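Visitor: Just so you know, the protein sequences line up as chains A and B, in that order. For what it's worth, the working numbering labels the leading residue of the first sequence as 1, then goes sequentially. For what it's worth, the working numbering labels the leading residue of the second sequence as 1, then goes sequentially.
Possibly wrong hints are sitting among the right ones.
Sample of chain B residues lacking proximity to chain A, with all beta carbon distances greater than 10 Å (derived) [unchecked claim]: (1) Leu60; (2) Met148; (3) Pro151; (4) Glu176; (5) Val212.
Residues on chain B that point at chain A, a partial pick, calculated with CB under 7 Å [as the list claims (entries may be wrong)]: (6) Gly57; (7) Leu61; (8) Ile62; (9) Ala67; (10) Tyr143; (11) Phe191.
Treat the hints as calculated values from the structure; they're not laboratory data. None of the values given here were measured: they were computed from a predicted structure. We treat Cβ as the ideally placed atom computed from N, Cα and C, and that holds for glycine.
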Amino acid sequence: MTAVSEHLPVRSGVGFWVDGYRSMLRFETKSLRSYLTIGLVVQVLMGAGMALMYGYYFGDLTPLQQTFIVTGIPALAMVPVGFAMVPASVMDHKIRNTYDYVWSLPVPRGASAAATFTIFTVIAIPGTAAAILIATMIYDIDLQVSWLVIPAILLTSAMATSVGYALGHVIPEPRVTNLITNMVIFLVLLFSPIVVPIEQFPEWWGSVQRVLPFWHMSLVIRDGLTDGLVTDAGASYLVLTLWTVAAWAATGWVVAKRR
Amino acid sequence: MTVDSALALGLPAKRSGPASWLSSYAAMLRWETRGARLLFPLIVVVQILAGAGFVLGFGLLIPNIDADMALYLSTGAVVMSLILIGLVLTPQVIAQQRMEGSYEFLWSLPVPRSAATMASVTLAALAAIPGVAAAMLVAVWRYDISFMVSPSVVPGCLLTLLCGCFIGTAVAHGVEEPQVTLLFTQLAIFFIIGFSPVSFPVDRLPSWLATVHEFLPFHHMAVVVRSSLTTGLVTVTLLDWVVVAVWTLVTGVITGLVLVRRK
Chain A
1 MTAVSEHLPV RSGVGFWVDG YRSMLRFETK SLRSYLTIGL VVQVLMGAGM ALMYGYYFGD
61 LTPLQQTFIV TGIPALAMVP VGFAMVPASV MDHKIRNTYD YVWSLPVPRG ASAAATFTIF
121 TVIAIPGTAA AILIATMIYD IDLQVSWLVI PAILLTSAMA TSVGYALGHV IPEPRVTNLI
181 TNMVIFLVLL FSPIVVPIEQ FPEWWGSVQR VLPFWHMSLV IRDGLTDGLV TDAGASYLVL
241 TLWTVAAWAA TGWVVAKRR
Chain B
1 MTVDSALALG LPAKRSGPAS WLSSYAAMLR WETRGARLLF PLIVVVQILA GAGFVLGFGL
61 LIPNIDADMA LYLSTGAVVM SLILIGLVLT PQVIAQQRME GSYEFLWSLP VPRSAATMAS
121 VTLAALAAIP GVAAAMLVAV WRYDISFMVS PSVVPGCLLT LLCGCFIGTA VAHGVEEPQV
181 TLLFTQLAIF FIIGFSPVSF PVDRLPSWLA TVHEFLPFHH MAVVVRSSLT TGLVTVTLLD
241 WVVVAVWTLV TGVITGLVLV RRK
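Build the full structure now, drawing on both the sequences and the hints.
Guide: Here it is as C-alpha cells:
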C-alpha cells in the first residue's frame, strides 16, 4: 500500500484526535438523545424514589440515620446510569449489528470511546444534583456542602461510567451483560452499605464491600456533603481511581484489538 | 352457520362444553410448559434469589431489626412474589410473543382463549412457589422466627395470585404496544415494592397514599396473607377479604372481556 500512501495519508496527531472526539460527541449525542432523556428521568426517580422507600422500610429514624440516607442517595442515583444504561448502550450496538460500523468510522477509537464516556459522565451530574435536592427536602436535613463534593461527584461518575463501558465492551454476549447489570443493581440496592454505616454489616461482608466500588462512591460524596461524618476519604479516592484505571485498561485492551 | 351447514362444508362440528374446555386446557398446559422449558428454570432461580435476597438484604439495611419486623418483611416478600409473578411475568411473556410475531399464531389455535389463559396462570402459580418458599425458609433460618400457618392461607394466596395474573393478562392483551406493556411492568415493580404497604406498616406512608391503598388491593392482600401465616401481627377484617375478592372478580371479568374481543 506504499504506492497510494501519498494520496491517502494516515491522519494522526492531537488536532485530528480532537476533531474525531468532537464529531463522535455530536454523533453519540444525536443517536442517544431520547435514551439520555429517559436516563435523566430514571435517575431522578430512582434517587427520589429510593430516598422515600428506604424511609418506609426503616421506620423511625434518628437524624444521623436520615443524614446517611440523604448523602447515600447521589451514589445510588449514579448506579443505574453507569452500571445499566452505559453497558446497555454498547449492547444495543452489538444487538443491532452496528458495533463494527461505529468502530469502522474514520476517527481514532480512543476519541470515540472518550466521547461516549463524556456524554454519560455529564448526563449523570444533573440527575445526581436533583436527587440530592429532593432527598434533602424529604428529610429536611441541613447539609454542610464543601468544594470537595465536586471532585467526589466527578470521580464517582467517571468511575461508574468507565466500569459500565468496560463491561459492555469486554463481555461479548449481550445476555450476560444484561444479567450482570441486573445483579449489580440488586447488590447495590439491598446489600451495599450506601445508605447505612458499613459497621452494620457482618464483618466478612464489610471486607468484600471495601474492595467493591459502591461503598467508596457513597463515602467520598458523603465527605463532600457533611462535616465530621467521614474521617478518611483519601483511601476511597484511591480505590475509585484504581477501579477507573482498571476499567480503562480493560476497555483499551478490547478496543485496540483488531479482528 | 348451523351445525348442519358446517358438516355439509366438511368442517368439523363446533366443539364446546366442559370436556372440550378441559382437554384444551390440558393441551395448552403442555404447550406452555414445553415452550417455557428453557426459561422456566431461570425464572425459578430469579424468584428464589429475589425472595431470599429481599428478606436478607433489607434485614441487613434496617437498623436494629426485631422479630416482628423480620416477620413483617418475610411475609411481605411472600405477598410480593405472589403479586408480581402475575403482574410482571405474564405481561412480559405476552409482550415477547408480540415482538416475536407469534402472538397472532397462538390466538389462532383452536382452543378457547380462557383455557389458554388459565394454562399460563397455572404455570405462573407454579413459578411463584419456589420464591415464596425461599422467603419463608430464609426468614426461619436467619431470624429464628416461626410461622403459624392457618387454612385461610389457601384462599388468601390463590386470590392474591389470581388477581395479579388477571391484571397482568388484561394489560398485556389490551395494550397493543409491547414496549408500553414492559414499561407498565417496570412501574408495577417500583410501585409495589417501594410505595405499597406490603412489607412495611401502612402508617409509615403519607396519609393521602394510605387512603389510596384502602381502595387498591395490595395492602389488603398483604393483610389477608399475613394473617394466615402469623398470629398477633395483624388483624384481618371481613373488609380485607371483600376488597381482595371484589378486585379479583372485577379484574377477572375485565380480562374475560379483553379476551373475547375480536378485531
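Visitor: Each hint should be assessed against the structure and marked as holding or not.
Guide: Evaluated hints:
In this structure B:Leu60 is not separated from chain A by more than 10 Å, as the shortest Cβ-Cβ distance comes to only about 6 Å. No beta-carbon of chain A is positioned within 10 Å of the beta-carbon of B:Met148; the least distance is around 24 Å. The non-interface label for B:Pro151 is consistent with chain A: the shortest C-beta to C-beta separation is roughly 30 Å, beyond 10 Å. With a least beta-carbon separation of about 20 Å from chain A, B:Glu176 lies farther than 10 Å from that chain, consistent with its non-interface assignment.
Taking the minimum C-beta to C-beta distance to chain A, about 14 Å, the non-interface status of B:Val212 holds against the 10 Å cut. Against a cut-off of 7 Å between C-beta atoms, the interface hint on B:Gly57 holds, since the closest Cβ of chain A lies about 3 Å away. The interface hint given for B:Leu61 is met, as the beta carbon of that residue sits about 5 Å from the closest beta carbon of chain A, less than 7 Å. Using the Cβ-Cβ criterion of 7 Å, the hint placing B:Ile62 at the interface with chain A is satisfied: the shortest such distance is roughly 6 Å.
Hint status for B:Ala67: violated, given a least beta-carbon distance of 14 Å to chain A, over 7 Å. For B:Tyr143, the interface hint is violated, the least distance from its beta-carbon to any beta-carbon of chain A being 14 Å, above 7 Å. With its C-beta approaching chain A no nearer than about 9 Å, B:Phe191 sits outside the 7 Å limit, and its interface hint is violated.
Violated hints, in rising order: 1, 9, 10, 11; the structure is consistent with all others.
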